[in-house]
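Please take these sequences and the hints and turn them into a complete structure.
Residue numbers (the numbering used here), protein chains in the order written: chain A, 1 to 252; chain B, 1 to 252.
In short, the hints are calculated from the structure, not lab data.
Hints are not guaranteed to be accurate.
Claimed, not checked - In silico contact screen, one side only, chain A against chain B (beta carbon under 7 Å); selected entries:
1. SER1
2. LEU17
3. PHE24
4. LEU31
5. ALA73
6. ILE75
Yeah, the Cβ is synthetic: ideal placement off N, Cα and C, and Gly gets one too.
Letter by letter, the chains look like this.
Protein chains: 2
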Amino acid sequence: SSLSSGQYSTVYNVLSLAIASLLFTALYLLLSQRQVAPRYRNAIVVSAIVCGIAAYHYFRIFANFQESYPAGATIDAAHVLSNVEFNEGYRYVDWFLTVPLLLVETVAVLALSRAASQRLLVRLVPAAALMIVLGYPGELTLETGPRVIWGVLSTLPFLYLLYVLFVGLTKALEGKSPQVRAQISNLRWILLASWGVYPIAYAFPLIGGDFFSGAGGFVLRQTGYSIADIVAKALFGILIYRLARTQSREED
Amino acid sequence: SSLSSGQYSTVYNVLSLAIASLLFTALYLLLSQRQVAPRYRNAIVVSAIVCGIAAYHYFRIFANFQESYPAGATIDAAHVLSNVEFNEGYRYVDWFLTVPLLLVETVAVLALSRAASQRLLVRLVPAAALMIVLGYPGELTLETGPRVIWGVLSTLPFLYLLYVLFVGLTKALEGKSPQVRAQISNLRWILLASWGVYPIAYAFPLIGGDFFSGAGGFVLRQTGYSIADIVAKALFGILIYRLARTQSREED
Ligand SMILES: CC1=C(/C=C/C(C)=C/C=C/C(C)=C/C=O)C(C)(C)CCC1
Ligand SMILES: CC1=C(/C=C/C(C)=C/C=C/C(C)=C/C=O)C(C)(C)CCC1
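Listed below in structure tokens is the structure:
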């Protein structure tokens with residue numbers, strides 16, 4: 001397997017974009033912590049941690065990518081896969097940590113009663129972890145059979161999780177101001193739009209054909225995962241911060 | 001393509017100057033945050049983040065430059081382009097993040113009403129992102145046709161952005177003290193002078209001839225972009241900080 005120099009640059013630049021976005025969003029959130037009321041600070045710190053964990057993994061993915069696809073003999077030459085595997089596992093390790101934490105930060109910023117938060121988290125966190133664990137064996141193979149089976153198994157907790165977020169959570173929002181509810185509704189749609197990218201990117205090799213099972217699919221999958229990560233973590237973190245600011249102001 | 005040892009040193013030292021200026025301006029701004037009233041702190045933090053993101057990219061550009069133009073056999077020998085491409089993409093990834101943020105910090109330091117800020121940002125931020133995205137494909141090619149077309153397309157949002165900054169923003173400044181208005185006017189001129197460098201540096205290869213399409217043009221372009229980055233981010237960040245100080249003092 002090999003990448004043209006244009007394909008290589010695309011992945012390279014997208015990975016670097018992810019590092020910069022995630023690292024500096026983490027820093028921004030840490031520095032802005034005191035702009036929100038104390039009860040929302042945990043949500044902001046968790047958002048910063050999520051971006052920090054992701055930035056760490058992107059540094060690893062970046063270095064791994066450079067090793068796996070070294071420069072050819074000339075600038076225009078293809079980058080041929082070396083003896084070092086491109087390790088898709090980094091992403092799953094990252095998600096295993098960050099996806100549950102994203103749900104923790106989402107519930108934390110709502111500042112619900114202790115019991116209501118607890119009720120949401122015991123549903124959301126195990127479902128998120130299960131979703132990632134079940135997707136992993138499917139990602140490692142390019143064979144259709146197992147990829148479909150693990151993909152479907154992983155989709156079950158995914159759907160459950162969306163159900164809890166869109167139905168279960170709505171009841172918990174009564175009593176919030178219209179502005180806060182509008183922001184929460186935005187947050188959920190951004191979550192749905194970005195999280196929805198992952199199963200689609202996962203399915204590329206299943207579409208088959210030279211493009212989707214080859215270098216084209218690889219580039220599209222890496223780009224898709226990276227941009228979805230930026231939206232689901234960095235942009236999402238900024239929106240969580242804004243929601244916390246709005247609520248802090250209202251309570252002043 | 002190859003650089004004489006003098007040309008190599010020039011780019012090398014300018015890149016290092018950019019790292020030092022941007023990294024330590026970021027640090028300075030972070031450390032000075034508490035010298036301004038709380039309502040201006042977000043502008044200062046965003047300025048620091050902008051300089052930090054740029055410093056990160058300059059570290060990458062620097063390492064990439066060393067790999068692309070390795071030392072020759074002797075000290076005086078030319079640095080011949082290796083098999084590793086010099087990746088102009090870092091700059092575009094950087095601008096894609098920092099140019100919208102520069103506009104965010106500019107609007108933030110004005111401390112306008114929420115509605116007025118919103119009105120400016122929904123115009124400025126998408127125009128800035130569009131300008132960078134449209135310039136990128138043109139930068140990748142040295143062919144005249146596409147370079148001109150993408151350059152012109154990218155100039156449209158650039159002009160719109162300047163229009164909003166110089167016309168739209170003026171109305172928003174009524175009620176500010178003469179000193180503050182003078183500082184804001186300075187800020188805008190510095191912005192215009194530094195941002196104006198980018199399209200000029202972009203156009204060098206179009207001038208053609210041995211100098212501008214060859215090593216001379218490369219050195220001039222790298223130097224131009226780097227110095228413009230220092231002015232547009234580090235110096236600009238310091239001016240934003242001074243403006244925030246002036247306003248904090250007036251409100252005391
Ligand atoms: C449904 C499904 C998946 C879902 C993954 C998701 C939803 C990942 C979300 C990741 C996030 C939000 C990362 C950090 O920002 C997998 C595992 C690809 C396997 C195929 C089926
Ligand atoms: C108009 C125009 C351009 C403008 C670029 C600008 C205005 C970049 C500003 C960058 C800053 C301010 C960076 C950080 O400090 C391009 C993309 C070169 C393409 C050619 C046309």
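Results of checking the hints against the structure:
Violation of the interface hint for A/SER1 is found here, the shortest Cβ-Cβ separation to chain B being roughly 19 Å, above the 7 Å cut-off. Hint on A/LEU17 holds. Least Cβ distance to chain B is approximately 5 Å, under the 7 Å limit. Contact between A/PHE24 and chain B, as hinted, is supported at the beta carbon level, the nearest pair being about 5 Å apart and thus within 7 Å. Hint on A/LEU31 holds. Least Cβ distance to chain B is approximately 5 Å, under the 7 Å limit.
A distance limit of 7 Å between C-beta atoms decides the matter here; for A/ALA73 the minimum to chain B is near 6 Å, and the interface restraint holds. Using the Cβ-Cβ criterion of 7 Å, the hint placing A/ILE75 at the interface with chain B is satisfied: the shortest such distance is roughly 5 Å.
Hint violations for this structure: number 1 only, all remaining hints satisfied.
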